[in-house]
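A.B. asks: Protein chains in written order, with the numbering used here: chain F, 1 to 176; chain V, 1 to 285.
Just so you know, the hints here were simulated from the structure itself, not pulled from any lab data. Some clues are possibly wrong.
As the list claims (entries may be wrong) - No farther apart than 25 angstroms at their CA atoms in a straight line, the calculated lysine to aspartate or glutamate pairs in the DMTMM-like style are these:
#1 V:Lys219 with F:Glu24
#2 V:Lys219 with F:Glu71
#3 V:Lys257 with V:Glu135
Said to hold, decoys possible - Away from chain V, derived, C-beta distances all over 10 angstroms, residues of chain F:
#4 Arg9
#5 Ala106
#6 Leu115
#7 Ala120
#8 Arg142
#9 Asp145
#10 Ala146
#11 Val173
All values reported here derive from a predicted model rather than from experimental measurement. Each residue gets a CB set at the ideal place from its N, CA and C atoms; glycine is no exception.
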Amino acid sequence: MTSLAEHQRALLDLMRGRAPAPSEDPYLAGVAGSRELDFLREVSLFWCAVGIRSTCTWTARWLDRHGAFAEAIAAFHAGENVSPYIETAGRQFLERFLVHADAPTATLAALELALLRVQAGEPGVFRVDWDRNPNAVIRALRTGDALPDAEPGRVYRLEISSDFAELMRCELVEAR
Amino acid sequence: VLNGRPALCATYEGGEPRLLERMLALVDYIEISPDSISCTTQDGIRLNPEIMAELENARSATRFLVHGVGLSIASAEGRSDDYLRLLDDVFERLPVAWHSEHLGFTRVAGEHLGTMLPPPRTEEALDLICGRVSELRARYAVPFLLEHIVRILPDCGGTYSDAAFMNAIARETGCGFVVDAYNLVCDRENFAFDADAFLAELDLGHAKELHLAGGETYKGFRMDAHSRLTDEPTRALARDILDAAPGIGAITFEFLKQALPSLGDDAVCAELTDLRTTFLDDKPR
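Looking at chain V on its own, in the form it has when it is part of the complex:
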């Protein structure tokens, strides 16, 4: 929290230096995903040196929130060593305020799903995830947050509700939460998920970051594609979350680099300006 209000943050995946320069005037933090700023080298997967040069040049103007995709924290077989190596390198080179991951798995028995699924909310999954969260908290000296992910398959259930499962992880490990308003809108539209009940049960004292995004509806499914600006249902839910979670330290607008040709830099910057005035009661920096 900066000066008593949440910070504003936006995604950056590299290779758009003019957009980065404009965003730095509008946001307090930049969200990076180690997966997205990596490249393939002869020595394996490493941080992309050109993108890292851009980010290191920006470090005097901002701090970074690290948001991972590839850790696969809920894989029974083990989390990704490649991802951890990238994370180590990011922490070595950039000022990171905190980092986060999705509460899901992307890999099974060595095979990549190409998407992400939530684990069943069982004692076995809880123990496994808590062990990995504790490992991350011991490894890096900044807070670690978990984000609930969108459903694509019907709920696989378990012995905990969605919120109770996250509460148990936080209670056991001391981690925080990313609350993603757009994910909840997707689940509400796609599966009639009761987002209000989820938020009422979730211990929002652990909520440290709010995510906002937009996306298309395809074949009747609202897609978690981060390809559009935020819409009113997402903003309305975000307002409810902010009212109920005063400890939220950052609001992050997430957009996909591949969506930039259709979104346009101007629209992204206008969105950030609008989010700042709407949610932070503040003028552009």
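Looking at chain F on its own, in the form it has when it is part of the complex:
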């Protein structure tokens, strides 16, 4: 029989789809390709999605509204060693979107990441520039109303810091 470490490593590899089951182990050979293994992957993905939805509420809702959450969470789950601690997992998830090609997605992720950092006690001021009214975006995500469009020529500068009485402040800083 394989050692405990070998058994666990082989199950991990099967779960991640990295390697075939060792042919000398009938149990692992049976698990490979089983419907239970598929289900195990789904369960792991399900709990990952539950954690991310609760930590990255607005980014998750934004992705939902664009039909992109399922794909995003699957890619995240497959591509990262996701922390079991949901705030750390949330940071991992949001960091992937900071360079997203869709600017509003990246902006929203930057906002939520800044909030997590401030809540974690990081000092300083985090600045996030928006091409549309961030209040209107959050309101739309909360209510299900239509998302606001970009406002050409306007930049809403949102600053987040634990030094601010209300945590965030926003101003219209310039016309492009």
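Chain F is already provided as a structure; the job is to place chain V on it using the hints.
C.D. replies: The following block gives chain V in isolation, referenced to the frame of chain F:
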């Protein structure tokens, strides 16, 4: 056991102060999971100060049962130091009646599974788990319990049956058991697991806590999601367990915080009231 009957307990994950206030009038203990009441800080994973303030405010009205997820007691590579640090802090700050963990592993070679799997029931796994249980029993001056977990993969077997493996751990270390009626219902539905035979073989003299929960069926699998109220098959099995295990000191209703928007606070409180009258033959506190 309070006044000759088991105590009633319910899960609390923080951030729902009105629900906590209502629950405190209905339960004897609050179950907390250090993993769920933690937050990420610049110094690493720590207990969430806002949730801890809620719990410390409640300490005059209740005691706490600590139920962990993240220790990964059966990982070959070693158990989680982050989890132990959280546990140390919980014990320092709250009155804990006892604590427990799942008999499984969540981490392999530094990678997190995102779920939990049971170890093979071998001598090697037994030795490793017994060593860690003994370490926990020496570290904290309250009883430590282990809970059998649901299966997702087919049984990986070993030299012990499920019950004999737990009996051996208890015999070797002096730990107790959490018997989870809902886990057994899941295994019975998903794998035709013989829950009656398991309970007949398990040394229920070690059983100190009974868990109840509910969840959905997805793609033919009963999910251990703690997202619903208890159903009749779970309650029927719970009655059998209580009849056979007179040393059970607490019945814990477990529900996921994320399920609260669909469950509703009223339904959770009604469930606790009903569990108290059904299982404890008692009126709400």
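A.B. asks: Now look at each hint and say whether the structure bears it out.
C.D. replies: A quick look at each hint next to the structure:
1. V:Lys219 with F:Glu24: Distance ~31 angstroms between V:Lys219 and F:Glu24 Cα, so the pair is violated.
2. V:Lys219 with F:Glu71: holds, 20 angstroms
3. V:Lys257 with V:Glu135: violated, 31 angstroms
4. Arg9: Since the minimum Cβ distance to chain V is about 6 angstroms, F:Arg9 lies within 10 angstroms and the statement is violated.
5. Ala106: holds, 21 angstroms
6. Leu115: Non-interface label stands for F:Leu115: nearest chain V Cβ at 12 angstroms, farther than 10 angstroms.
7. Ala120: violated, 5 angstroms
8. Arg142: Label holds. Min Cβ-Cβ 13 angstroms, cutoff 10 angstroms.
9. Asp145: holds, 20 angstroms
10. Ala146: holds, 23 angstroms
11. Val173: Nearest chain V Cβ is 29 angstroms from F:Val173, so the label holds.
Hint check: violations occur at hints 1, 3, 4, 7; the rest are consistent with the structure.
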